[in-house]
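In order, the protein sequence lines correspond to chains F and B.
Here the first sequence is numbered in our numbering, starting from 26 and rising by one per residue.
Here the second sequence is numbered in our numbering, starting from 37 and rising by one per residue.
Keep in mind the hints are simulated off the structure, nothing from the lab.
Misleading hints may appear alongside valid ones.
With a cut-off of at most 25 Å between alpha-carbon atoms, the simulated DMTMM-like pairs for lysine to aspartate or glutamate come out as follows [what the hints assert, rightly or not]:
hint : chain 1 : residue 1 : chain 2 : residue 2
1    : F       : K171      : B       : D157
2    : B       : K175      : F       : D169
3    : B       : K115      : B       : D157
A quick note: this is a predicted structure, and the numbers were derived from the prediction, not measured.
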Amino acid sequence: MTDCPSCGAPLPVRSAAMPYATCANCQSLVMREGLAAQDMGKVAVLPVDVSPIQLGTTLHVEDMVLQVVGRVRWGWTDGSWNEWLLEGGDGVERWLGEAMGAFMLTAARPDLLDRPMLHGFAAGGEIAVGTRLDIEGVSLVAIDCKEAQCLGSEGDLPFPTLSGRTMTSIDFRGPNREAVSLQRDDRGASAWLGYYSALGALMPRNLRAVDGWTIPRELAQ
Amino acid sequence: MTARAVSCPNCGGTLEVRAAGYSVNLACRYCGSLLDVSRPEVALIEAHRRAMQGLFLPLGTRGTLFDVEWEAIGALRRKAGLYTWDEYLLFNPYAGYRWLVLSDGAWQFGTMLLDLPDGDDDTVAWRGARYTRDGTAEKTRTTAVVGEFYWRVREGDTVDALSFERGDTVLSREGGGGEVNWTQLIPVSGDTITEAFGRVSREPRRRAPRAFKIAEPEREADDLPAMLGLACAALVLLLLVMVFVSGPVERASGTVAAPFGSTREGVKIGTISVRRPWQFVKVTADAGDFDNRWVDLDYSLVDRTTGQSIDAYGIVEHYSGRDSDGSWTEGSRSGTTLLGKVPRGTYDLYVDAAAHAWPSDPPPDTSGWSLAETITVSINVETGALPWGNWWTAAVLLFLFPGTVIWQRLRNRHWP
């Protein structure tokens, strides 16, 4: 446990591996280095939303318990979405993308970047909507390509989320809910493999109580 | 506080963003203006003067369908060809979005598909089942929008829509703007909708009804005779005006022999003149004795100088039979058609007539020599007709309010 160097509030460590944390009290972005904590500046306050996910929500997927430890909210010209960072204890970075009431669970697959088609993307090239990508026998189609800006963050995170941070994101979708997401920012390119899902199928626990709504029985625990 | 409150930059109305964080677009419920609510600061996309009218499900209405509580947060009115229907966007923060489509009085519940159907424009496979195309590809246009949406929607948007069917289930494919979306639609009964959302009205923003002044019986007693007198006077006046306006009467008559299995076209009945700037023209058809037959009559009133035609339709029909309740008859061997607002001029009346038998036409005559059966219809056309239907409508409307008062008073006698 460290304290926020800006306001002194305790900073809970949700994921020991994550170098950045957002102070819930003063919105400072804190970089952890060993025992030292450094104030990197203020992040934007997260806009109001009715997401059912919160820090501490757990998902139960394929015999794993994944805990939500951080969130980044991204905005693009036609909307915005949440990316929730998941901690599974196995060293794999996983994210739960949340947009339009649907969820996309992905895990890092750096090996995909070895594909020739993705070399160009990593080097700053574009991938047109409709482009096909074959992975493990599944043919996925690029369904959208966005330039996104960081709108705010909370919890523990692997990268700094100061406003002005931007990234390029391309989503591919397969015939059976398969999903591939490619992202590129100033740290380089990354590739994510996973699937689209309804919330219930992820067997969530400790969901946020949204005012005026009842958590459905099968999701409440 | 979950709903985010914003004010419309165009009309100043206070609005709630019910799906805060998901919604991108909000169409003001007061003025119809489109707002961008994807960022903390609300921006006006397009100003409007008029919001969408006549919503069956007022926005904010909640109901439980398929064990999940939903709130109606947005509505679209859409059109393809001559068809118009409404689509309501339902939201639950734990279950996401669904659609309720109201078309021709029938409801469908729509779920956006995450697993995409595979196939061509004629058949597709989805979750192991085959769906076949229903109808042709159509351009669907959004003609009105109110409430909030998770994508940028606006009036005038068009998408290419194609649907595939298997039994009652429809898969609808909509493509536009480089994006393809699939929705599964299943029928929901109107009773289920009423049960879920309560008795919702077509006019959600109806003014509070004015209270009946039951507490002031003396005042009502004073008003009622005056009201009835006024209504009677108005009806008499209306009748006088109708007789005056209807003008001089001119008649012509003739007959037409309607054949079975074909149409006798262009039989001239006679000539009449309309001498006022406009008059009503009445066409009466009378047929002799026949049973389980009907005759379709297409009238054309052709102006002699311009050649322009005013068209109307008439029918004579009579059926009888016997069932478990005894014998029955239906229909009438004579029929009246009223043509309104015929301008001044001289007209020839032509009629096309075709006879039919019920339940099926007699087989065509194979010998080719015997005369085919016909039904003879005498047609009478006259100017200066009175629109009695309008007069009765006026009578009902004029007596509606005094009648209601009388009824209220009779009922109140039981509640001393």
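Here is what the structure says about each hint:
Proposed proximity of K171 of chain F and D157 of chain B is contradicted: the alpha carbons are some 29 Å apart, above 25 Å. For a cut-off of 25 Å, the pair hint linking K175 of chain B to D169 of chain F stands: about 23 Å separates their Cα positions. Distance check on the hinted pair: K115 of chain B and D157 of chain B sit about 22 Å apart at the alpha-carbon level, within 25 Å; holds.
Consistency with the previously given hints fails for number 1 only.
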